[in-house]
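2 protein chains.
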Amino acid sequence: MNCEIISVGTEILLGEIANTDAQMISQTLSEHGVNVFFHTVCGDNPQRLSECVSVARKRAELIITTGGLGPTCDDLTKETLCKAFGKKLIEFEDETRKLREKMGDRMTPNNLKQAYLPEGCTVLQNDWGTAPACAFEADGCTVIMLPGPPRECTPVFRLRAVPYLENKFGGVISSDFIKIFGMGESQMEDKLSFLMDAANPSVAPYAKDGECEVRVTARAETAEKAKALCAPIVEQIKGILGDVIYGVNVSSLEEVVVRGLCEKGLTIAAAESCTGGLLLKRLTDIPGSSGCVSGGFVTYSNEMKENLLGVSHDTLLKHGAVSEETAFEMARGVCKVTGADIGVAITGIAGPGGGTPEKPVGTIFCAVCYKGEIKVLPCNRFRKWSDRAYNRNYAASFALDMVRRAALSE
Amino acid sequence: MNCEIISVGTEILLGEIANTDAQMISQTLSEHGVNVFFHTVCGDNPQRLSECVSVARKRAELIITTGGLGPTCDDLTKETLCKAFGKKLIEFEDETRKLREKMGDRMTPNNLKQAYLPEGCTVLQNDWGTAPACAFEADGCTVIMLPGPPRECTPVFRLRAVPYLENKFGGVISSDFIKIFGMGESQMEDKLSFLMDAANPSVAPYAKDGECEVRVTARAETAEKAKALCAPIVEQIKGILGDVIYGVNVSSLEEVVVRGLCEKGLTIAAAESCTGGLLLKRLTDIPGSSGCVSGGFVTYSNEMKENLLGVSHDTLLKHGAVSEETAFEMARGVCKVTGADIGVAITGIAGPGGGTPEKPVGTIFCAVCYKGEIKVLPCNRFRKWSDRAYNRNYAASFALDMVRRAALSE
Chain A
6 MNCEIISVGT
16 EILLGEIANT
26 DAQMISQTLS
36 EHGVNVFFHT
46 VCGDNPQRLS
56 ECVSVARKRA
66 ELIITTGGLG
76 PTCDDLTKET
86 LCKAFGKKLI
96 EFEDETRKLR
106 EKMGDRMTPN
116 NLKQAYLPEG
126 CTVLQNDWGT
136 APACAFEADG
146 CTVIMLPGPP
156 RECTPVFRLR
166 AVPYLENKFG
176 GVISSDFIKI
186 FGMGESQMED
196 KLSFLMDAAN
206 PSVAPYAKDG
216 ECEVRVTARA
226 ETAEKAKALC
236 APIVEQIKGI
246 LGDVIYGVNV
256 SSLEEVVVRG
266 LCEKGLTIAA
276 AESCTGGLLL
286 KRLTDIPGSS
296 GCVSGGFVTY
306 SNEMKENLLG
316 VSHDTLLKHG
326 AVSEETAFEM
336 ARGVCKVTGA
346 DIGVAITGIA
356 GPGGGTPEKP
366 VGTIFCAVCY
376 KGEIKVLPCN
386 RFRKWSDRAY
396 NRNYAASFAL
406 DMVRRAALSE
Chain B
6 MNCEIISVGT
16 EILLGEIANT
26 DAQMISQTLS
36 EHGVNVFFHT
46 VCGDNPQRLS
56 ECVSVARKRA
66 ELIITTGGLG
76 PTCDDLTKET
86 LCKAFGKKLI
96 EFEDETRKLR
106 EKMGDRMTPN
116 NLKQAYLPEG
126 CTVLQNDWGT
136 APACAFEADG
146 CTVIMLPGPP
156 RECTPVFRLR
166 AVPYLENKFG
176 GVISSDFIKI
186 FGMGESQMED
196 KLSFLMDAAN
206 PSVAPYAKDG
216 ECEVRVTARA
226 ETAEKAKALC
236 APIVEQIKGI
246 LGDVIYGVNV
256 SSLEEVVVRG
266 LCEKGLTIAA
276 AESCTGGLLL
286 KRLTDIPGSS
296 GCVSGGFVTY
306 SNEMKENLLG
316 VSHDTLLKHG
326 AVSEETAFEM
336 ARGVCKVTGA
346 DIGVAITGIA
356 GPGGGTPEKP
366 VGTIFCAVCY
376 KGEIKVLPCN
386 RFRKWSDRAY
396 NRNYAASFAL
406 DMVRRAALSE
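Chains A and B, in that order, give the protein sequences.
Reminder that position 294 of the first sequence reads as 299 in our numbering, one-by-one numbering, no gaps.
Reminder that position 124 of the second sequence reads as 129 in our numbering, one-by-one numbering, no gaps.
Treat the hints as calculated values from the structure; they're not laboratory data.
Fair warning: there could be bad hints in the mix.
It does not matter which identical chain is meant; a pair holds if it fits inside one copy or across any two.
[Stated by the list, open to error] Calculated lysine to aspartate or glutamate pairs in the EDC-like style (CA-CA distance at most 20 angstroms, straight line):
{"no.": "1", "residue 1": "K184", "residue 2": "D144"}
{"no.": "2", "residue 1": "K107", "residue 2": "E363"}
{"no.": "3", "residue 1": "K341", "residue 2": "E308"}
{"no.": "4", "residue 1": "K380", "residue 2": "E171"}
{"no.": "5", "residue 1": "K196", "residue 2": "D99"}
{"no.": "6", "residue 1": "K323", "residue 2": "D195"}
{"no.": "7", "residue 1": "K269", "residue 2": "E226"}
{"no.": "8", "residue 1": "K230", "residue 2": "E66"}
{"no.": "9", "residue 1": "K341", "residue 2": "E311"}
{"no.": "10", "residue 1": "K213", "residue 2": "E16"}
{"no.": "11", "residue 1": "K196", "residue 2": "E240"}
{"no.": "12", "residue 1": "K196", "residue 2": "D79"}
{"no.": "13", "residue 1": "K269", "residue 2": "E378"}
{"no.": "14", "residue 1": "K88", "residue 2": "E240"}
{"no.": "15", "residue 1": "K323", "residue 2": "E229"}
{"no.": "16", "residue 1": "K243", "residue 2": "D195"}
{"no.": "17", "residue 1": "K243", "residue 2": "E21"}
{"no.": "18", "residue 1": "K364", "residue 2": "D49"}
{"no.": "19", "residue 1": "K184", "residue 2": "E21"}
{"no.": "20", "residue 1": "K118", "residue 2": "E378"}
{"no.": "21", "residue 1": "K323", "residue 2": "E56"}
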């Protein structure tokens with residue numbers, strides 16, 4: 006099956022956002038063996054969208070649109086696609102009712118537009134936003150219309166559109182995702198290159214945000230058979246890469262840490278300087294994190310490091326706020342003050358300003374205090390630029406990985 | 006001038022990377038008043054690339070390609086574009102010489118392919134990689150071919166292609182971006198709908214992450230004239246929407262708050278429960294935030310609320326951790342403990358678990374303490390679902406907006 010993704014959104018053509026919806030859809034479809042041959046982006050303009058649709062229907066059996074399902078007058082995807090495929094747009098009363106429930110007092114007349122869908126379509130329920138998605142078939146073409154905001158598009162596609170499509174797929178695929186922190190992409194690829202040419206299971210590496218991931222994908226008649234094809238390859242990769250693997254089929258380092266600590270009944274508290282709350286934010290992104298996260302401190306100033314965490318004035322004077330010694334005392338302090346089992350601390354220079362010749366931007370120390378032992382490490386990154394967001398995210402990952410190794414690898 | 010960007014790369018169609026080249030080019034072109042009407046992505050396949058080019062030349066005066074300029078047999082962009090426009094691909098001896106200098110011993114016969122360019126083209130020198138970029142005109146169409154890797158594409162486009170294009174731009178555009186928090190998209194559109202049909206300036210609404218934005222764009226012979234066309238419309242919108250506008254041409258609420266507090270010499274500290282560090286993370290995302298952010302606390306547990314912030318045991322027992330009263334005492338406490346001028350507190354149920362009939366998921370209170378006055382508000386969202394990430398992000402925005410109103414609107 007060949008697919009074309011049409012993304013409708015002036016904000017993409019203006020360069021305000023990247024087309025991450027198309028990336029997410031492509032990734033999932035490629036795992037399912039659907040060939041995505043084209044992405045097209047056009048603006049909130051019915052004329053140009055019509056042109057795109059008439060080109061796409063000649064070359065694709067599956068057309069997936071993203072965007073333009075909202076309540077405003079810019080949102081014209083349904084109207085345009087219905088016209089192209091000779092479908093009427095009719096009110097779905099169930100959807101009107103659901104909209105009224107969701108919106109309550111804030112319902113305006115143009116919200117009602119969202120309850121109009123192509124006649125005879127399958128509604129793909131959107132539990133993450135107001136606009137229902139839908140799918141229909143016409144002229145030998147399958148059309149799926151998804152909402153644009155990634156937080157809606159991703160779950161609606163994965164949980165609603167993929168099951169709809171699975172009826173059409175021959176066979177079943179199964180993928181395992183091996184997550185890696187602490188090894189660069191090229192080093193990982195070197196070690197695994199001999200596996201990369203295989204077709205079933207296939208092995209594909211990815212790098213993102215300072216982490217790496219290996220996807221192992223197999224296709225078979227049943228899910229069980231596909232899983233069984235993947236399993237020995239996953240074991241082989243585990244043997245080769247060892248403890249840089251922090252999990253298989255897990256979503257993130259923070260999920261591994263939160264789940265692991267909750268299982269062991271351990272509590273954690275953090276003291277953050279340059280990451281300014283990001284580490285705690287990532288830990289508490291995980292539902293249920295209140296089971297292990299006691300809380301923590303953002304101590305940007307020296308005064309707060311002294312007053313709240315008990316970092317000694319001498320240490321700050323002699324070694325500076327960005328030092329192994331300060332990280333050590335921050336981790337010790339946060340354990341002491343909060344009574345948590347594990348204390349984790351980060352201090353450094355995230356950039357773009359604040360660097361010196363001795364301590365350039367990117368100099369960051371992480372410390373973990375557990376069972377009375379305190380380990381401090383400089384945060385070695387695989388990139389060395391003055392990228393504040395990258396440095397902060399990498400430091401938080403590095404600290405999470407230290408916690409995993411200290412408390413969860415036993 | 007109308008532009009279409011054609012990105013050549015199977016890795017984009019497989020979802021391995023997002024099409025950030027197209028985003029970067031679109032952003033720069035929109036600032037220069039070039040209308041990008043389409044993005045197209047196709048794979049490393051000469052047949053399908055030919056199709057894309059023949060569609061694009063009918064609807065665009067400027068075609069920019071990215072990718073497919075490398076030395077491998079997959080790299081077919083130059084061949085395909087030359088064929089489409091009836092140009093010969095010939096060796097540029099200067100480029101052969103430069104390639105030999107760049108590559109030295111690593112030079113392979115297929116690297117030489119990179120020195121072949123369309124006859125009569127303008128070479129756009131690539132100092133960031135081996136493949137030279139180029140531009141030519143044919144049949145009333147301007148074609149620019151750029152390398153694919155973003156670290157090459159960005160500088161080659163900005164420093165080589167943009168100067169080449171600047172000769173062609175007739176007129177200039179100017180845009181103002183009005184940022185709004187605290188009003189839903191459809192309500193905003195109702196109020197501004199009478200402005201949406203105008204062409205110059207044009208007015209376009211966007212919604213993102215619980216916020217709204219209105220873009221006002223005008224075109225004129227000079228930047229000054231374009232700005233002058235926008236100004237009265239911006240003033241009119243300010244008059245209609247009032248204080249839900251938190252800024253014009255600013256990047257985010259946190260930027261407005263950090264810049265504003267730094268200008269006024271005020272310091273801020275935060276106490277976060279359900280947002281778990283996200284508010285502090287957003288404040289410290291802003292470079293230079295150390296000028297006003299003292300730091301803060303993540304107090305997930307009742308014990309930490311009592312011990313670190315001095316929330317009274319009685320209050321927690323009587324009203325619970327998620328209550329106006331607790332938010333009030335958290336804001337008072339964080340001011341007292343840190344000595345910051347402004348204390349901001351958030352407590353609530355972010356979901357997906359933890360809700361009760363009296364306090365469903367999404368019940369969140371924010372408090373701001375400034376000049377001895379403490380204001381507490383329930384965080385009223387425009388969506389009511391159990392979306393943890395949305396609830397947390399919205400609560401942090403709501404608290405930032407309260408700080409703006411309390412301390413920066415004087």
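- Query: Given identical chains, is K380 near E171, meaning Cα to Cα at most 20 angstroms, within a copy, between copies, both, or neither?
  - Reply: neither (49 angstroms within a copy, 52 angstroms between copies)
- Can you tell me if K323 and D195 fall within 20 angstroms by alpha carbon in one copy, between copies, both or neither? neither (43 angstroms within a copy, 61 angstroms between copies)
- Task: At 20 angstroms max between alpha carbons, let me know whether K184 reaches D144 within a copy, between copies, both or neither.
- Result: neither (42 angstroms within a copy, 44 angstroms between copies)
- Message: Checking an output row: K323 and E229, CA cutoff 20 angstroms. Within, between, both or neither?
- Response: So K323 and E229 fail the 20 angstroms test inside a copy (61 angstroms) and across (53 angstroms) alike.
- Which holds for K88 with E240 at a C-alpha limit of 20 angstroms: within a copy, between copies, both or neither? neither (52 angstroms within a copy, 39 angstroms between copies)
- Query: How would you classify K243 and D195 at a CA-CA limit of 20 angstroms: within, between, both, or neither?
  - Reply: within (15 angstroms within a copy, 57 angstroms between copies)
- Item | Up to 20 angstroms CA-CA - E226 versus K269, copy category | neither (39 angstroms within a copy, 67 angstroms between copies)
- Query: Is it within, between, both or neither when you check K341 against E308 at 20 angstroms Cα-Cα?
  - Reply: Answer is both; intra-copy 18 angstroms and inter-copy 14 angstroms each pass.
- Should K196 paired with E240 be assigned to within, between, both, or neither, using CA atoms and 20 angstroms as the limit? within (14 angstroms within a copy, 60 angstroms between copies)
- For the identical chains here, do K230 and E66 meet the 20 angstroms Cα criterion within one copy, between copies, both, or neither? Answer is neither: 25 angstroms inside a copy and 48 angstroms across each miss the 20 angstroms cutoff.
- Item | Identical-chain pair category, K269 with E378, by Cα at 20 angstroms | within (18 angstroms within a copy, 43 angstroms between copies)
- Query: Between the shortest in-copy and the shortest cross-copy C-alpha distance, which are at most 20 angstroms for K364 and D49: within, between, both, or neither?
  - Reply: neither (49 angstroms within a copy, 40 angstroms between copies)
Hint compliance for this structure: hints 1, 4, 5, 6, 7, 8, 14, 15, 17, 18, 20, 21 are broken, all remaining hints hold.
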